[in-house]
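In case you want the letters, here they are:
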Amino acid sequence: MNHQTMKHVLRTGFIAMIAAGAMLAAPRGSAAAEDPSAMEIVHHANLVSYFQGKDGRARVSMVIRDKQGRERKRLFTILRRDAPDTDDLANAAYRGEQKYYVYFHRPADVSKMSLLVWKHLDRDDDRWLYLPALDLVKRIAASDKRTSFAGSDFFYEDVSGRNIDLDEHKLIKTTKNYYIIRNTPKDPGSVEFSYYDAYIHKSTFLPVQIEYFDKKGQKYRVYKALKVENIQGYATVTQSSMTNLQSGSVTTLSYKGVKYNRGTPEDIFSERFLRRAPVKHLR
Amino acid sequence: MKIGFGARMIEFAGARPRLISWTMGLVTALLVVLAVLPTLWPERFPVLNAVTVDTDPENMLPHDEPVRVFNDAMKKEFSLNDIVVVGIANETDPDGVFNPDTLKRVYELTEFARGLKWPDPEDPEKQVGVVEADILAPSMVDDIRQAGLGAVSFGWLMPEPPKTREEALAVRERAMKIPMFNDTLVSGDGKMLAIYLPLTSKDMSYRVRQALLKKTASWKDTGDRIYITGLPIAEDTFGVEMFIQMAISAPLAMVVIFLIMWLFFRNLTLIISPMIVAMVASVATMALLVISGNTIHIMSSMIPIFVMPIAVLDAVHILSEFFDRYQETRDRWQTVRKVMHELFMPMLFTSLTTMVGFASLALTPIPPVQVFGIFISIGVFLAWILTILFVPAYIMMMSEEKLENFGHLPTDTDDPDTMMSRGLKRLGRAMYCHARLVMLGVAALVVLGGYGISRININDNPIKWFEESHPIRIADKVLNRHFGGTYMAYLALMPGDDGQGLDAYLKDFSARLKKAEESAAGEGIENTGKVFAALAAKAKAVAEDARDEAALLKVLNAFVEEKIDTAPDEEYDAWDAAQYFIGTELQRKQIFKQPEVLRYIEGLQQALLDTGHVGKANTLSDIVKTVHRELLLGKAEEFRIPDSAAAVAQTLLTYQNSHRPDDLWHFVTPDYRKSNIWVQLKSGDNKDMSQVVAAIEDYTAKNPPPMGIKLRWYGLNYINVVWQERMVNGMMQSLAGSFIIVLLMMAGLFRSVTWGLLSMIPLSVTIGLIYGVIGLIGKDYDMPIAVLSALSLGLAVDYAIHFIARSRAITEELGDWRLAVDKVFGEPARAIARNALVLGVGFLPLLAAPLVPYQTVGIFIAAILLTAGAATLMILPAAITLLKNFLFSRPEEAEDPACIGD
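From first to last, the protein sequence lines stand for chains F and S. Oh and the first sequence: position 41 is 41 in the numbering used here, straight run, nothing missing. Counting from 1 along the second sequence, just add 283 to a position and that's the residue number in the numbering used here.
The following block holds chain F by itself, in its conformation from the complex:
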């Protein structure tokens, strides 16, 4: 652990302790009256990060820059469609099944490669991959979602959202602008982190920074929202990065042409449309 991180962890830990102490000591309801509960914050953040609108589309350019400064670029379009028709937070009505369609444009030799994901709340996702050069549609058993997304520093779970039921959430600190939520896995054996802290913006509820800590308590992975734009009334992260502190690699995602509620039909999220890209909806 380097010096800075050490200091940081110590400081964070220290502040967390004070915060925890203060919470125990303070009379109930004083601070909590203004602050929403941890679960409320998490649901809100989950909604704005992954469930805004009935559907969404973005053209994403991905730049993976390794420690040596070498860059790899990918360009893909991502389509999303939610099963629920509402964004209502009450009773977590916004939550439900989701379908994703990812279509690669570049590099040229992986152009037309596509990926279909059906996200479920109660079981493993279904995932299919289409490799045009091999003329092959392949089902991927997605038991582990914490694998790299297309060779980048983002995991599948980062792109499509981690099921909030898998972690315990605790509000460890509230600052002027942020709620800091500590998320601890219910099944520590299934993930590589011991916990992660999300800095959630108070007004937009967008997580602007997420820090992952390994089993030895060292920070090893950091997500940052770099740019937020208002699109069709939705606060949307249009640039974000994920840094792997161990390998020194950074992946930056830039979202262009973000559109919500285009009325994307459900039938294009099917195996049949993997081979025959739904060109109209991708543009």
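Heads up, some of the hints might be wrong.
As the list claims (entries may be wrong) - Each pair of labels, with its calculated beta carbon distance range: (1) F:D122 with S:F395: 35 to 41 Å; (2) S:N840 with F:E40: 45 to 51 Å; (3) F:Q68 with S:N840: 19 to 25 Å; (4) F:D267 with S:K823: 45 to 51 Å; (5) S:K790 with F:E192: 51 to 57 Å; (6) F:D135 with S:G431: 20 to 26 Å; (7) S:Q429 with F:T86: 37 to 43 Å.
These aren't lab readings, by the way, just hints derived from the structure by calculation. Here a beta-carbon is modelled for each residue, glycine too, at the ideal position from N, C-alpha and C.
Could you slot chain S onto chain F? The hints should help.
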């Protein structure tokens, strides 16, 4: 004139013994303090150099050596680190390590190893130790496998310790199906496992090994065994043991030399003086080495062991003469003066020749060997000064009573009646009488030596620096029997000149552009004509001053990307198609996605295995083939390179959807312009590596690589081969160079080319014989052996100088060589014999060393000194006898009566 200078020195020593002793003591103390202070308190003495240890054989080559520069560059490009290999075996379980208990321990050990990181003392921001992200262990590598219903699954090979025997065996089955793991992670016989721990730097390996051994100490009664090896371990452990070695062997050698001298001279007080000379000379030399900022390397750690015997040599001559003469007058000043006058010139020249011998090592292209040679030269010089000044001074400071019974009492014959005296006398006569026979024998030995030399095997292997019983040697043996190999070398494949000029490229480019336009139009994209025409015009304009196609495409790509962002909606798709086209043009340069290149790598891999020395070669082709097979239902016949570059690219992108996407970059650079083959060799023998290099050269000559691809070796094992070649050639040159210089010095000293040539005979025979024996017994010609040639040259000539100087003086005195023989084989021969015995036997304690290079040095120094002594006492008298009419101007009688009856 030199005698004048020498005489003044001798008078000074006699007159100011205390001044000399104090000066010597103070200067030595000062040097030691200058070396020790910065070592103990580096922060307080930043200007001074501290002791730094360097056990890295890579440093046998200068840092800017092309092979090292390339090695460093490639290691960085492919993110490679030196690796510690940890093998785990279980000899009691029928399934070997593949049982739940052992795998649980392996899992825990892996978790433990992940944490073997410490803050970098030089940069607290960084950590040193195990590179966690690149560990190869069952719980940390990804497996791609069939998951039923035609699905494929990516997941950890062993996400958690298995609970049942079936699950444990399943881990084995899965690992053995993945070529990258079979024989690397799991042994070919399915009984053992290996964990690969990459290190931030080699010098972490001792620490890592100690931590692992401590952690696994509790495995004692489990039936599980741990074996730790790998070149970094060998090198780093050697460094640690080197110090223990220096602390034990050098003093032990001193003790033995001391005991033998006591046996000869029987005067404790007197023989302390050569010990002091040896101690001061070696301590001061080492202090100077540290002060001057040089590192203690495998070579320089041997400096004291070399300086000590040489330092004692001259003092033994003085004591030997003093011993034989003291009782004549019982006046120590008279005796010392006489002895010193007689020995001054021979001692000066023996020291000079020794210095030349070692200084010639500075001509080798190997920095540590240069440092070694230069500092031994300095040590020899110090020893000479000390001998000339301090030994007489010491004798003068002794009380008269202590010398009371010293030396031989004068007898009738003027020679003592001891076994050595009688033996030497008889030897002298025999050599004189059977000169022809002796020379014939010598000729026979020279022929035998020559034959032996022709059979010399040039080879080195850092693992073999340890004794066979050393845990590292045992681990090495076990692991290399079960796995692909623990010795790493790498073969880089790089783009060569594809021979196509820009003009030729442009022609093809235009044709392909046309096709792309047609196909885009065929898809119904609007405005293709306009957009592609703009692109063609831009290409034409840029081509005029573009250096090469890469530069051209870079400009075009930027142009198209800008257009995509700014183009009106109706032109967007056409520009997108144009960019796709430029993308495909750029990817034509990605040679390591081309099926034909990947198939060539397959062939290369087979050629590597066919050498018999390579246990395993891991390539980009293996990854592509494995993923391709698993995508196609795991069918064995799909274990092949797909037919298009796009299929390869898509296979590789699929591979990157794993836990460890970056593993790919160990085998190919992200631009797909360079590839890397990881070669695991079963032995660290340089000769095996050389054979592999030759075999691949042969293969590529017969099967030229596609697209002008060039191959270049790197990696620790390969670097060892390069410096070995340097060393062998360098040593030849330095040996030849110093031979000529010493010969010129001898001719000058004796004012005669014939005597000069004669003095070179014993050392030539000694070197020939010693190296002949090395060839005959099959001992590898390695680093210590190579360096010993300089020692033989420098030391072997000493005896000849003493012998010839005294032979000529006595012949002059007596007027006849025949009469002189007896006298030469009196006191002068005894001094030589004593010398050879003292030193030869004195170095045998090195045989007790646990490190083989020290053993080698010990046994060969002993052999060289004894052989050189014997060669001098046998060859020179015989040769002088045969050449006497030529060497001495006076004619002699035909037959010597002394020989009758012999």
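Verification of the supplied hints:
The supplied range of 35 to 41 Å is met by D122 of chain F and F395 of chain S, whose beta-carbon atoms lie about 37 Å from each other. A hinted range of 45 to 51 Å for the beta carbons of N840 of chain S and E40 of chain F is consistent with their spacing of about 48 Å. Our hint of 19 to 25 Å for Q68 of chain F and N840 of chain S holds, since their Cβ atoms are close to 21 Å apart. Judged by the Cβ atoms, the range 45 to 51 Å given for D267 of chain F and K823 of chain S holds: they are separated by roughly 47 Å.
Roughly 53 Å separates the CB atoms of K790 of chain S and E192 of chain F, a value that falls within the hinted 51 to 57 Å. Checking the proposed 20 to 26 Å range against D135 of chain F and G431 of chain S shows it holds: the Cβ atoms sit about 22 Å from each other. Range check, Q429 of chain S to T86 of chain F: Cβ separation about 40 Å, and the 37 to 43 Å hint holds.
Checked against the numbered hints listed earlier, the structure breaks none of them; every hint is satisfied.
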